[in-house]
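Protein chains: 4
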Amino acid sequence: MPKVSVGILGATGSVGQKFIELLQQHPWFEITALAASERSAGKRYSDSVTWIQSTPLSPQVAEMQVRACEPDLSCQVLFSGLDSNVAGEIETNFARAGYFVLSNAKNHRWDPDVPLLVPEINSDHLQLLERQRYKGRIVTNPNCSTTGLVVALKPLYDAFGIEAAHVVTMQALSGAGYPGVPSLAIQDNVIPLIPGEEEKVEMEPLKILGSYENGSIRNANLIISAHCNRVAVLDGHTECVSVKLSRKTSEEEIIQAWNNYSAEPQQWKLPSAPAKVVRYLREENAPQPRLHRNLDKGMSVVVGRLRKCALLDYKFVLLSHNTIRGAAGGAILNAELMVKKGIIPQHSELSTQY
Amino acid sequence: MPKVSVGILGATGSVGQKFIELLQQHPWFEITALAASERSAGKRYSDSVTWIQSTPLSPQVAEMQVRACEPDLSCQVLFSGLDSNVAGEIETNFARAGYFVLSNAKNHRWDPDVPLLVPEINSDHLQLLERQRYKGRIVTNPNCSTTGLVVALKPLYDAFGIEAAHVVTMQALSGAGYPGVPSLAIQDNVIPLIPGEEEKVEMEPLKILGSYENGSIRNANLIISAHCNRVAVLDGHTECVSVKLSRKTSEEEIIQAWNNYSAEPQQWKLPSAPAKVVRYLREENAPQPRLHRNLDKGMSVVVGRLRKCALLDYKFVLLSHNTIRGAAGGAILNAELMVKKGIIPQHSELSTQY
Amino acid sequence: MPKVSVGILGATGSVGQKFIELLQQHPWFEITALAASERSAGKRYSDSVTWIQSTPLSPQVAEMQVRACEPDLSCQVLFSGLDSNVAGEIETNFARAGYFVLSNAKNHRWDPDVPLLVPEINSDHLQLLERQRYKGRIVTNPNCSTTGLVVALKPLYDAFGIEAAHVVTMQALSGAGYPGVPSLAIQDNVIPLIPGEEEKVEMEPLKILGSYENGSIRNANLIISAHCNRVAVLDGHTECVSVKLSRKTSEEEIIQAWNNYSAEPQQWKLPSAPAKVVRYLREENAPQPRLHRNLDKGMSVVVGRLRKCALLDYKFVLLSHNTIRGAAGGAILNAELMVKKGIIPQHSELSTQY
Amino acid sequence: MPKVSVGILGATGSVGQKFIELLQQHPWFEITALAASERSAGKRYSDSVTWIQSTPLSPQVAEMQVRACEPDLSCQVLFSGLDSNVAGEIETNFARAGYFVLSNAKNHRWDPDVPLLVPEINSDHLQLLERQRYKGRIVTNPNCSTTGLVVALKPLYDAFGIEAAHVVTMQALSGAGYPGVPSLAIQDNVIPLIPGEEEKVEMEPLKILGSYENGSIRNANLIISAHCNRVAVLDGHTECVSVKLSRKTSEEEIIQAWNNYSAEPQQWKLPSAPAKVVRYLREENAPQPRLHRNLDKGMSVVVGRLRKCALLDYKFVLLSHNTIRGAAGGAILNAELMVKKGIIPQHSELSTQY
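Chains as they are written, first to last, in the numbering used here: chain A, 1119 to 1472; chain B, 1119 to 1472; chain C, 1119 to 1472; chain D, 1119 to 1472.
Hint data in this document are derived by calculation from the structure and do not stem from the laboratory.
All the given hints hold, so there is nothing to weed out.
It does not matter which identical chain is used: a pair holds within one copy or between any two.
Keeping only pairs whose Cα atoms sit at most 20 Å apart, straight-line, the calculated DMTMM-like set for lysine to aspartate or glutamate is:
#1 K1426 with E1317
#2 K1161 with E1401
#3 K1362 with E1320
#4 K1426 with E1320
#5 K1161 with E1402
#6 K1318 with E1402
#7 K1362 with E1281
Could you build all of it, start to finish, from the sequences and the hints given here?
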């Protein structure tokens, strides 16, 4: 089977590097284009990047020439790790020109015709693509903290209903990109603010858990309150969550709802799909970012410490790899789902039949 | 004025060291005895301790001989930094023998005749001492995470009433003592469990905010839910708090309640009293442990980021120096209050007139 | 081909865990026994260990019963991660009873009949085994800091001769075991002492680079001076090395000597052998522990920054994964070499024909 | 006594902040001007700075208006924390206009008429000022790693002679300024390169230890080889040093040479002078940055672990606070010396009689 040709927008940035790391050996996708800002355009990739991944850069990618972010790249699909101050317009340009754009940026997440997609949760939202008037298509994945939260909430939402959630995050450094957080700012410290983050965590789950009705999404009806903090962890966002359920239930039923949760990516064994969407650990001090962020290659959301909450109903801790499940890996899983569903064609012409 | 002679129980441990650091230059107190476990007893202090404070040990203290924790020490007051697995009985023995015991351990906190004292909050609870049948007396200070929380809640409790609070802590390493948390366990990591801590944070504020009525404390009526985490910070516990108030109010009224809060230690300018009990910072990303933990010599509780909570009424972030305000400094302030009130006499005989 | 049955002494410790992590999927070896101190003996492995590896423990190993360190274990080969205060006698007992003991402890390293083995350097030292009078055999691997140093020196030693080396190490936390270095001791800090380490780094290379002559090892003739420091890095020892060569040469010749160096483990493609023994990186700020410690699955010694030294001849930086190349992985490679050479038989009887 | 009016060039940067922190309460100097890049000019200081010091900014300084770096500032003395890519010309302009410029930048360090001054070492080099043809004067302090090294070497240089030194540094994050080193680059890592640093450490001591002869400096005759590393420490450079002495001596004589070393700043008790220039600690694992960097308010160079070197004569470890002794504090001490010597006049007219 021929591989789908993919390009990366923002290839030199932190998310862009993660896309490359995950796609270097991908069974379905082949990197054929790298694009970044004007400053890098024209250079060899290895000359324009400060590579900070622990997996070495493959020689083929190292030698590729970085292009400008203009819609003349030789690929069908574009993974966008662009910064939100430029992503909106560039992604629109590519979609207009006929490319499939899988974006990690916030700009198009709330467009009414753009799915805010988590394949295990709302693959039916892909129906929104029929409304898009681009020659290509745009699909977004959520904010990195939203992803872990909404994946852990979904099984409970389906089984018991959720009225409210309170979440406090302890987010990893890689979420801020590179150079990102100065070492002098975070060593021996906690920063209790991530600008714009709390709003995303409070709002995005409402769209993701919402229902597709007649060509648009009706937001879910639950209240979320978020405090977001930066801590001195390289990768993996930890979140302390309290939930108020619609229907009373037991701890074991909740754990069962998590452990049994499965969706299309698991059934179809998509290359990036975790064996278990949510993995509940019974050790009393789990999950921990350094120990558990890479379970299922960083695509599982790991949960632990379920117990009663004196204020709402239950509380627990979740962990999600922010640059894999919460960014590059999530976007790649979105693309895999779209290939499997025939939305992204496996030949070089653009499919038009969704 | 002659200094009050004080001793330290558990002098080689992490809290014990902090007592020494804070008492080395104290205007009212003079260290005349150091006691620790049998393993250290008989040795020179500097030979029995792994000193981990950045203030050097004074030569006088370095040369003192460590004694066993038996009630034949030459001092009036004992500050106890003992571990809770031995503190209970030892402290009782000293109180029986006529010493004033100021304990940082949990063992006696819930004794009905023992004040769980924060001088700015419940100095009237010292009336409980009349009920104690020891020849000396025992007074306790709260858990380090409780202290920051309850100091920040008190002005709101008085001004508006509090029905519920939800708190997620990010606690410093020094709270676990020495050797405490292994570096391999916490570097590049968060540990989402501190055994026994959540129970203390949920319960202790009820006694502290409670009212003294006819010789006993009637607990305050509010609900607290706590998640406690360990993070890679040396000193300073950060807490994300959401509160439900009894009476609706504005952000500015809350800030005013904090900024105006003052109590006996401030009026009397006790040596360890912070100028401001609660210090509200208006910078959008404050408080931060590395930057603000030492304000007012580590005795102020620093608050920031007050904003509406989608679920309860308001949310904010607080920071409190866990080994100063939340442990050694808090116990010393308790002792200062007791001296000022004449409970601890400033001569070598035991006062009996409280 | 039937697998060789192996056991692990000190299975719950930090090195013991690394042995398990590396052996869980090994093509030649199968874990059939776990042994540890009396405190753990009789328990399920998962109940007796604080697992701190990021690779999950396999269910089979988790369920194994931990045994005492007595020579009645059902395996042919024992990997020892024992602490040196007990290793000496226990290892002797096992060797006497007929086991092959591959030890990471220092106790037997200087026994005149025990090879201090690095397969790429001195496999001829295995001839010492003929002198051993045990029913089984003991082979040791060097100290973790020695290993990286001596692997980087060997190609230069062969090609140009080395008269002297000056080395300053910046060693990882995992080298101190678990719980090991307290977080309060190392965060925001450097500890400029690792007791006993400098002596090992100065002496062990002399034996390893020595020549086998008539049943004993004649130490190499070079002078090494070492300063050893602990830094806040999880894994990977970094070493700043200056060398005085016997024969003058150019930088490119030195790099070529490193890049071309290969030995039996590479020729035989032993399972744990790195493709390149020494990997020279030309990036100006390489090697770095977080980025390069896992090259070749942690078995390559990574070198960079070769340049002239104003005092000796050349200086460079090396990096070696201390618990893989420098401990468990090194011992496993030793065992692989011994299997390949027929010293360890691949059937259950003890070979006697070396 | 009226205070000398001082300004700070590069006031918003990391060194600039340290100047402010140290000068806010200075007995001799009063901050009357703050200058920074065009981007900050015209703003209130507190609006233009990301204050990262743990001492709060004083309200007076917070309210000062930042000026451009042009020689119309109302002060006599300028402390320069400018980046070296702009410092050279700006400092020259100020000197020409009649200001005393105390620079922390490298640009003028090798000017033949500019002292590279460490008051305890080479105050006689101030005679070079007679050769300067500026209306004002320029004096520089050395690189932060050089300072610690040369202060520790000086007593040995005087007492025994030094032929060669080998130094490996482990340098703190604050040495790179703010934002400086990205957290993703240094957490769980060591970076074995600080561009340009090794050259400074190898060369600057030669001028500092050199002798003033007929209007110029004759460099000292010793060889230094340096490896410079960045480690995850907030403040305090640690250096592992080996020295070859001209005259053989004992460890105790060396320790005595350090402990007895004293110079003009100590005799005159200059406000920033440490009580002891070099402080030798006998604890076997000292010095450590977190524990000892603030001894003597960060102005003492702390030494430990003196022992024989197998290659040169002796080796030891030194620690120096890089932004205090090695930068802002060093420059302030230079200015204090110049005031004491009458070079900087204590009235508002420029002295011309040195």
